[in-house]
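J.: Sequence:
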Amino acid sequence: MRVHLEGHTISRASTHHTGLRWPFPPGLATVLQGRRIDGFSRRGKYILITLSGGLVVVLHLGMSGRVLLSCPTEAERGRPPARHEHLVIETAQGARCGLVDPRRFGMVDLVPVTAVETHRLLSGMGPEPLGNRFDGAWLAARAGRRRTSIKALLLDQRVVAGLGNIYVSEALFRARIHPAQAAGDINAEQYEKLATEIRAVLEEAIAAGGSSLRDYVQPDGELGYFQHAWRVYGREGEGCPDCPGPPSCDGVVRITQSGRSSFFCPRQQGVEKDLGKDLS
DNA sequence: CATCACCTGCTA
DNA sequence: TAGCAGGTGATG
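Numbering (UniProt numbering), first residue to last: 1 to 280.
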């Protein structure tokens, strides 16, 4: 079953919590009601939903957010929300769309279309990694002589938009850069390689339908399968895919950097090569 | 610069 | 029961 919402008119909307990370915009359900859904776009990890009347819904799914689409039968229409289903819309064309977010780290905002560019959450965002403005030189320029780790730099959405914990680990492995390496110590050639690998891993992940972790599914309900292609993420203790194994390589290691896991291969990603042994 | 806080759910 | 989970703004 394929469900889509573009062109639909919102016949009913309801909220079932005061908000997610922040309170819902005042009167959200009422404002949504009666509007036509004109289109969808994306900026970094934000989903932008353009509505009639010059309004845009700015949506972020945080860590645990999901959008559930269905075509309920007549009898099911208006049924009570599922657990953690904090926002529900139904359309005159018969679709139902629920926003489920157990941890409530997501966010929903409502802005005039003219104010999207200057929205406080969007205005400082870096270039799209698959776009023309992103390359090794951009990364090198943003790194400057900073001492922050390359891991933290890549997760900074002002530097490049849309990278998260999984794809940063994967890109750093493919570029053979240690996640704790100081951003300012990485040379131009390495940054070129890194930018190339960031694009490659994202393109491969998109082609594979994304990474189904816990319960992520594509809009049609199909599972993504890129999680099977992860080379280091979530593979602590497993053999490195590019090393011969013990005794020369003990496999994938996990470290914690500012509260988040990083996975890498110490042999491929240069602990002794150019970092010193204190970073393992 | 790193760490904390915000939440719930699952697993070792 | 502790620790960990796809994110990010606020804090020190």
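Rather than coming from a laboratory, the hints here were simulated on the basis of the structure.
We put the beta carbon where it would ideally sit given N, CA and C, even for glycine.
Possibly wrong hints are sitting among the right ones.
[To be verified] The following label-pair restraints were derived from C-beta to C-beta distances:
hint	residue 1	residue 2	range
1	F40	R120	15 to 25 Å
2	G234	R12	16 to 26 Å
3	P26	A229	39 to 49 Å
4	D185	G39	36 to 46 Å
J.: Does each hint hold? Answer for all of them.
T.: These are the hints, each one checked on the structure:
1. F40 to R120: 15 to 25 Å: holds, 21 Å
2. G234 to R12: 16 to 26 Å: Violated, at about 40 Å.
3. P26 to A229: 39 to 49 Å: holds, 44 Å
4. D185 to G39: 36 to 46 Å: holds, 44 Å
Of the numbered hints given earlier, the model fails hint 2 alone.
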